[in-house]
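Student: Letter by letter, the chains look like this.
2 protein chains.
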Amino acid sequence: MNQNSDRIRVVQWGLGAMGQGVAKLILEKEGLELVGAVDIRADLEGKDICEVIGGEPTGVTITTDPAALLASTNADVVTITTTSWVKQQLPDLKTILSAGVNVVSIAEEMAAPEAQNPEIAEEIDALAKQHGVSIVGVGVNPGFVLDHLIVVLTSGSQKVERIEASRINDLSPYGETVLRTQGVGTTPEQFRAGVADGSIVGHVGFPESVRLISDALGLGVDRLEQTIDPIVSKVTRQARDRVIEPGMVAGCNHVAIGYRGDTEVIRLNHPQQVAPEAEDQATGDYITIFGVPEIHMSTGPEIAGGISTAGMAVNTIPRIFQATPGLKRVIDLPSPNALMGPSAYVRR
Amino acid sequence: MNQNSDRIRVVQWGLGAMGQGVAKLILEKEGLELVGAVDIRADLEGKDICEVIGGEPTGVTITTDPAALLASTNADVVTITTTSWVKQQLPDLKTILSAGVNVVSIAEEMAAPEAQNPEIAEEIDALAKQHGVSIVGVGVNPGFVLDHLIVVLTSGSQKVERIEASRINDLSPYGETVLRTQGVGTTPEQFRAGVADGSIVGHVGFPESVRLISDALGLGVDRLEQTIDPIVSKVTRQARDRVIEPGMVAGCNHVAIGYRGDTEVIRLNHPQQVAPEAEDQATGDYITIFGVPEIHMSTGPEIAGGISTAGMAVNTIPRIFQATPGLKRVIDLPSPNALMGPSAYVRR
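First to last, the sequence lines map onto chains A and B. Read in order, the letters of the first sequence are residues 0 to 347 in numbering that gives the first Met the number 0. Read in order, the letters of the second sequence are residues 0 to 347 in numbering that gives the first Met the number 0.
Chain A with its partners taken away, still in its complex shape (with noise of 0.2 Å):
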């Protein structure tokens, strides 16, 4: 392994598909160094990582004890890829925190955990401080499509009165976790009941993208509402391990309305269901900003969710390494972009 000390030193938290997927890109950087890598498998500890990652053998061996790990490696970064929610990786969160070791989640939640933990937020604000280092959400969505990828839209905006957006893709690729708590191939009766008793969940991030866009921009979002409905097939679609036919639920069409008073400011719009080409729907990112000027963008197709995320997670360890100490939000800092080569590692 590489000993340069010039390269960021950081250890990959969690080993499913996402964070293996970190881990392979961050041996591919050259101004990153993975010197370890923590699951919870216990048959995985000691095991040199690429047991679990394939390839050659790194010499960054796997533990199930991060707090060993963070005291005997001088770790500068950890990335963290291991729930979407933010009280579920809290004490994760401390461990890497009291280790005074910066940190890059991609916990949904975390883009901007004072939306719905807003104590919780405080008191990670309060302890990274404390150990004088930084602690970041990022993903493709929320942390880029819904919300930074928005703000940065309006960097000439002389006047935003509101904002609408849509996020389409294709459910096709994914496997039975994504597709069943997206309703795909239940009933619309199973649909509303899965959504009633929370087996249905839609996307994860709509509060703290809203929150994200209304911070950055100053648009005072003080009420945010969101729907969940299915979208019923018209015709029979394909899915990676079942069929849905006419009638059936093809995916969950996620909406989050943000409202300052009475005023509709912030729509966003995330239909996620199988093969939408079907019936004639592209997949793309759409964003419409109504001010002075009014701008409209779209992407075709999506910027790739799973590809995306990982990136982010890898991409924003730089920025993260050179914030000053505390909570932030990826509207807090330099953009996060593509690392290809020495300059992408500086910033004055």
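Some clues are possibly wrong.
[Stated by the list, open to error] Below, in silico cross-link-like pairs of lysine-lysine (DSSO-like), each with a Cα-Cα straight-line distance of 27 Å or less:
1) A:K128 x B:K158
2) B:K86 x B:K128
3) B:K158 x A:K23
4) B:K23 x B:K93
5) A:K93 x A:K128
6) B:K128 x B:K93
7) B:K128 x B:K158
8) A:K23 x A:K93
9) B:K23 x A:K158
Simulated from the structure, these hints should not be mistaken for lab results.
Using the hints, position chain B against chain A.
Tutor: Coordinates of chain B only, in the frame set by chain A:
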């Protein structure tokens, strides 16, 4: 005038068309206080700025003596809108920095002054640090559409191999100076002669945009090629003050290519012409990022130029006010964004 001490105190330097737009916008923003204005026209000395920008009397007077103004106003930031060229602006920048005041410049070359004026960039950086203030150059382009927006779009990119972007706009609303410097209404022969003698310049800012992208991502661009060609009209087109007959020049096609060794890594196209729709060309901004993932972004129409440059200047005021000392580029700061309410002026 509101004397609320929480507001950022701004001086507007330059009262041409762009400076007037910036001054008006500063007056509209609740977190900013316009505390003075500078122009070189002696007949404006001591007059209320409303005599130039219109509207009600503001209590803000115009001076031709910026050093005296800066010594007396306790200004936090100067927005300066006097020229495109770093060398021309340098004496004024020294006056401001030496007075211990932060600067937002819309001089195109200031978006990345190290691109064409590395010694001046070092001098500015040192002077800013000596006086504990910061300075940045921004605008719609360079500073936003063909550089910072591209950088932000790679937030989640695992790899970027090559970037190609185009900004297609319509010069129809513009007056004599812009049309002349883009060669509108010339013959192809006159156009070539105008490029040769420097009277037709095309877009100002490509070396800066390429530098911003290459530095941010670490693409290692070590050579820049620019071409300027006439857009010869096939049809009759109407400009504000002239008619372009078929065979005449409707505008200027300016292309910049950044190479790393012999490999093209960045290509920026900016065809500026009157009435592109006359030949079925839609105005808009188009960005393609070849890499993992591949990203195709477009806006339609293009993000409005003049409005957004004035907006960028004002929206960057809170960022440069809060920055650490020295010369900054837009990629070094949290992104500017529309300033619509109190939280827009607060960063952690």
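Student: Against the earlier hints, flag every one the structure doesn't satisfy and list their numbers going up.
Tutor: As far as the earlier hints go, 1, 7 are violated by this structure, in ascending order.
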